[in-house]
Amino acid sequence: MIGLTHYLVLTGILFSIGLVGVMRRTNLLMLFFSTEILLNAVNIGFVAVSKFYGDLSGQMFAFFIIAVAASEVAVGLGLLILWYKRNGSVDLNSLQMMRG
Amino acid sequence: MYEVIAFYLFAALTIAMFTIVVMSKNALYAMSALAGGMIFISGFFFLLDAEFLGVVQIVVYSGAIMALYAFGMMFFDTTRDVSEKMRSKKIAYTLFVLSAALIVIILCAPLASSSVQANFPTVEHVGNVQMIGLVLFTKYLIPFELAAIMLLVAMIAGIVLASKKMDEHLNIEDEELGNVKESR
Amino acid sequence: MENYLYTALFAPLASSLFVALFAARPKMLFTGIVASLLIAVSMICSFVLLVDVNTYGPLHVTMMDWIAAGNLEIPFGFVVDEVSVIMMVTVTLVSTIVHIYSIGYMDHDKSFNRFFSYLSAFVFSMMILVMSDNFVGLFIGWEGVGLCSWLLIGFWYHKHSASWAANEAFIMNRIADLGMLMGLFLIYWNVGSFQYDDVFAAAPELPVGIVVTIGIFLFIGAMGKSAQFPLHTWLADAMEGPTPVSALIHAATMVTAGVYLVIRAGELYSLIPHVGFAIASLGAFVAVFAASMALVNNDLKRIIAYSTLSQLGYMFVAAGLGAYWIALFHLMTHAFFKSLLFLGAGNVMHAMHDELNIKKMGGLYGSMKATAILMSVASVALAGIYPFAGFFSKDKILEVAFNEGAYGLWLALFIGAGLTAFYSFRLVMLVFFGEKEHVKYGIHPHDAQPFVIYALLPLGLLAIVAGFFEPTFEAFVTRLVSEYHIHIPHATEYLLIAATLGIALSGIGFAVYKYKRGGFSKSLEEKACYRLLSNQYYIPKLYERCIMQPFTVLSKFVWQKIDMKVVDFTVDIIAKCIYSSGQEARKIQSGNLSDMLRWMIVGMLVLLAFAIIYSAMM
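Protein chains in written order, with the numbering used here: chain A, 865 to 964; chain B, 4 to 187; chain C, 63 to 680.
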């Protein structure tokens with residue numbers, strides 16, 4: 865029988881894949897994809913907890929996370945396009961103005 | 004039995020899709036894999052009796068967000084392979100292993116407090132969508148409205164940012180940048 | 063009557079604070095006038111209190127609770143009894159005259175206002191010292207006068223010698239004050255109170271050893287303030303201050319605080335007569351020791367300073383032998399004629415354009431008649447010639463020494479009287495009579511402004527007549543302090559008086575005779591004993607060699623080895639660690655988003671680890 869633990873382990877694995885993406889990718893667009901993975905992994909966790917504890921709060925959280933993800937993509941893509949128009953590249957290594 | 008098979012199938016597919024997203028050199032492949040992964044995740048939601056969220060997942064993620072990415076990618080040169088020089092691979096993979104181990108340990112460990120009181124308990128014989136609607140428009144009304152405003156703001160911001168000087172060519176921008184650099 | 067008490071006490075404070083408002087401004091005449099008026103008000107109140115105490119007895123007020131911590135309870139209380147009222151009258155009288163005198167003396171000084179502020183602050187501290195009804199209040203006043211003394215000696219702080227002298231005085235006093243503090247701690251430890259009444263009531267029950275220790279420690283404090291041997295060197299150097307300061311602080315009031323302390327704690331010292339005798343012996347030694355240094359010195363003010371030292375020795379002889387009222391009496395008369403002498407010296411200095419070497423003066427009588435007469439009067443009083451004030455008080459002290467059977471002390475004081483007479487008239491002769499040496503230096507002396515001279519007249523009058531108050535004074539003061547009876551047959555007494563008068567007169571006569579004929583030959587100055595005296599027995603040199611130089615070496619060692627190599631080094635190491643860690647950590651801030659994300663993940667890992675540890679602990 866599939867229990868909460870299964871879902872949580874899956875969440876963990878997906879989250880870690882997202883982390884690998886975050887660390888590995890230097891293309892900004894790909895970085896956005898990785899963050900989407902992170903968010904989705906967490907969503908699965910929330911919904912699973914919601915199901916197994918009989919509490920709707922988890923689903924509510926997942927819902928709001930989706931809303932936040934949507935706005936993030938909108939703004940993020942806008943910025944990305946602006947940056948691409950300026951520099952012709954969305955490589956992270958071209959973004960080093962904050963060097964201390 | 005059917006549930007077990009579904010879970011493992013979806014789990015395998017999701018992991019595979021997301022691995023492609025993370026590892027693929029081609030941006031188009033990555034995006035397509037991401038869209039697939041999103042849909043498979045909505046499968047989990049259906050499995051977990053969260054039909055509403057499952058639908059939202061398909062509509063918002065696979066429909067809206069992926070479409071947005073697709074439009075966004077039209078600006079970039081996607082046919083070319085993404086050349087990524089990952090620096091210090093060892094560190095990255097050590098971190099990955101460590102974090103995966105930790106997260107799994109934490110999530111597999113018996114939950115610290117087993118006596119969780121449900122804030123908004125699910126009610127028997129009431130549809131998931133109806134329950135979510137009830138909670139969303141009673142307890143979470145203000146966050147819901149705020150989320151709506153946030154989405155509106157994000158939309159406007161996206162339009163403004165992306166459409167800025169849409170009619171001008173890249174080269175002019177380059178010259179401007181050069182001027183700015185010189186004047187510094 | 064309380065109002066008079068508070069007025070007497072706080073008028074100087076008001077004066078000081080008011081004048082302090084203008085301290086940084088250029089000279090304003092009214093500051094001096096206001097200060098003088100307020101001090102005069104204080105003086106009048108003191109006189110009213112004198113009459114009141116004489117009629118109704120002592121006055122004791124408690125203004126407020128001051129320190130209340132645990133068992134320690136010290137009220138801000140003041141007592142005006144026979145002893146303190148005498149001190150108050152003396153202090154305020156001399157202060158008033160010195161204030162008025164200073165208006166003339168400091169006329170051309172840039173820091174005219176500041177001077178009056180300090181001077182009034184000094185009077186306030188002195189009033190606290192003498193009026194307090196407990197040892198802590200006395201100590202506060204004690205430190206207050208020490209501070210004002212430091213400020214005033216170093217008044218011309220741009221002069222290196224002045225600031226050096228100020229520091230020397232302050233440090234010497236600190237050393238002695240440590241002794242006094244130890245005494246105060248012992249008192250509290252054993253009695254549990256600082257009130258004079260409680261302490262003196264409890265003293266007879268205490269073990270003798272404790273009382274002896276307390277007595278010695280308190281006397282160490284008195285030694286510092288009254289510049290007794292071996293802490294005497296600061297007083298002569300303190301003459302770097304303006305002359306009115308020397309007159310007020312280093313002759314009439316502050317330096318007598320030590321004597322006042324011994325008189326005040328008389329009930330304590332009467333329990334331990336052997337300590338009293340030691341005090342008296344030290345006093346007698348200082349009386350001769352200081353007088354001998356005064357014999358050869360050529361500095362106008364230093365001669366008077368040594369004379370002050372010598373007279374303080376006389377007071378300590380009387381106080382140590384238990385004749386407290388005589389000590390107080392000599393304190394009072396000495397305040398009058400010594401401040402007169404100093405103020406006269408100030409006039410001479412002004413006339414001579416701050417020239418202090420008496421060998422360069424001479425024949426000033428012609429141009430400064432009033433000052434000359436006043437200083438002569440003061441010198442005669444100092445020498446102790448009937449009917450001047452010094453005669454009565456000094457003679458009494460000699461009688462006390464004789465009465466106690468301390469013939470050694472008597473002899474010392476007797477010789478001291480002769481020396482005193484000689485050096486004071488050596489000074490008068492060299493300054494006012496004889497050859498007009500100053501003409502060579504092109505100085506045209508003129509006497510001080512008339513109001514300055516008039517201000518000095520009361521002191522001159524008192525220097526002449528104060529001695530005749532002796533019976534009244536004795537009756538008044540002995541109501542509080544123990545009486546002292548002299549059991550010498552009348553014939554012997556007259557013989558003693560005649561002898562003392564004789565040696566004083568012969569000292570004067572010798573001085574007049576010698577210096578009328580041009581003084582001693584030059585060859586005397588080459589003699590060893592002359593050099594010994596003029597170098598102050600080499601004691602300042604000794605201090606420099608044996609204390610200051612080793613201390614400097616030690617300080618340098620501690621500075622270079624311990625402070626620089628250990629303390630600073632440690633601090634530097636800490637700073638360097640932080641600095642280099644900052645340099646290293648700076649690389650984290652590479653500006654690369656990937657790196658930042660990795661660091662974010664590291665942070666997340668750390669937090670997760672914490673979460674695991676935390677839940678394991680639960």
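Note that these hints are calculated values from the structure, not bench results.
Ideal Cβ placement from N, Cα and C applies to all residues, glycine included.
One thing to keep in mind: the hints can contain errors.
To give an idea of the interface, some chain C residues facing chain B are shown, with a C-beta separation under 7 Å as derived from the structure [stated by the list, open to error]: (1) Leu659; (2) Ile663; (3) Leu667.
Each hint tested on the structure:
| no. | hint | verdict |
| --- | --- | --- |
| 1 | Leu659 | 10 Å, violated |
| 2 | Ile663 | 5 Å, holds |
| 3 | Leu667 | 6 Å, holds |
Violation of the numbered hints given earlier is confined to hint 1; every other hint is satisfied by the structure.
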